[in-house]
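Novice: All chains should be modelled from the sequences, with the hints used to inform the complete structure.
Using our numbering, count along the sequence shown one by one with no gaps and you end on 247.
Please keep in mind that the hints were generated in silico from the structure rather than gathered at the bench.
One or more hints might be untrue.
[What the hints assert, rightly or not] What follows is a set of in silico ranges between Cβ atoms, one per label pair, in the way DEER data are often shown:
#1 Arg228 - Asp153: 52 to 62 Å
#2 Asp153 - Ala209: 47 to 57 Å
#3 Gly143 - Met13: 32 to 42 Å
#4 Leu147 - Ser212: 52 to 62 Å
#5 Ala209 - Ala139: 41 to 51 Å
#6 Ser212 - Pro141: 45 to 55 Å
#7 Gly131 - Asp14: 38 to 48 Å
#8 Asp95 - Asp71: 18 to 28 Å
[What the hints assert, rightly or not] Mimicking EDC-like on lysine to aspartate or glutamate, the simulated pairs with C-alpha atoms at most 16 Å apart in a straight line are:
#9 Lys56 - Asp176
#10 Lys19 - Glu194
#11 Lys56 - Glu225
#12 Lys56 - Glu20
As the structure is a computational prediction, the values presented were derived from the model and not from experiment.
Idealized CB from N, CA, C, for every residue including glycine.
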Amino acid sequence: MDDRQLKERFAGLTTAHLADGCLRAGVPVRCAPSAVRAAVPGAKVIGRVLPARHAGSVDVFLEAYEGARPGDVLVVDNDGRLDEACAGDLAVLEAQAAGVSGVVVWGLHRDSADIRAIGLPVFSMGALPTGPLRLDERPGDALERARVGEWTVGRDDLVAGDDDGVLFVPAERAGEVLTLAETIRDTERGQAERIRAGRSLREQLGFAAFLAERARTPGLTFREYLRSVGGAIEE
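Specialist: Below, the structure written as structure tokens:
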């Protein structure tokens with residue numbers, strides 16, 4: 013799947029749909045920490061991970077851009093630090109010039125007004141005026157993988173971000189996850205339309221029948237019941 017197809021398909025989805033698609037496909041749901049949010053509300057991005065482990069100098073970003081493919085998303089590992097910002101307007105502007113479609117930072121950004129003007133989607137844990145406070149030894153695999161919260165990701169992963177947060181999906185499973193996400197989206201949209209038309213979700217899912225069946229089989233879960241009637245909304 014090329015970058016254009018990927019973006020077209022994600023345009024009609026959310027990261028919540030993708031997370032549910034991962035569950036349905038048996039793919040681990042790898043969400044960035046909830047503090048990683050869009051710097052500008054409404055931002056949305058999907059693309060292959062372009063990893064960079066920050067050690068106090070912008071050169072790691074510039075070197076990452078040298079190997080960037082159009083549509084890649086720079087994923088910056090700054091160890092979740094909250095005492096410094098590691099990405100600012102020039103790093104973001106240069107990312108845009110290199111064909112990178114967005115930036116995700118496990119850490120902080122700065123130059124918020126300029127980043128809004130640039131218009132490239134940026135996701136981070138927030139903003140802080142100060143830039144890097146120290147220069148550490150750069151790890152040998154600084155351009156091979158990045159850690160975001162509990163997850164380590166690399167070029168064989170996709171990253172998606174929107175107002176719900178950031179999610180990572182193995183690139184080789186992307187088509188399957190997207191297809192399942194689209195099915196879930198369509199099911200939920202139909203359910204929402206029927207709710208607006210006056211048919212409650214409880215009625216659509218036969219919730220009274222579930223309660224009756226659970227009374228007979230106390231171990232029955234709602235998810236198991238939904239699977240049995242084909243009305244799953246939880247996965």
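Novice: Run every hint past the structure and note whether it holds.
Specialist: Here's how the hints hold up against the structure:
no. : hint                        : result
1   : Arg228 - Asp153: 52 to 62 Å : holds (56 Å)
2   : Asp153 - Ala209: 47 to 57 Å : holds (55 Å)
3   : Gly143 - Met13: 32 to 42 Å  : holds (37 Å)
4   : Leu147 - Ser212: 52 to 62 Å : holds (60 Å)
5   : Ala209 - Ala139: 41 to 51 Å : holds (44 Å)
6   : Ser212 - Pro141: 45 to 55 Å : holds (50 Å)
7   : Gly131 - Asp14: 38 to 48 Å  : violated (23 Å)
8   : Asp95 - Asp71: 18 to 28 Å   : holds (21 Å)
9   : Lys56 - Asp176              : holds (10 Å)
10  : Lys19 - Glu194              : holds (13 Å)
11  : Lys56 - Glu225              : violated (42 Å)
12  : Lys56 - Glu20               : holds (12 Å)
In this structure, the earlier hints numbered 7 and 11 are contradicted, and the remaining ones agree with it.
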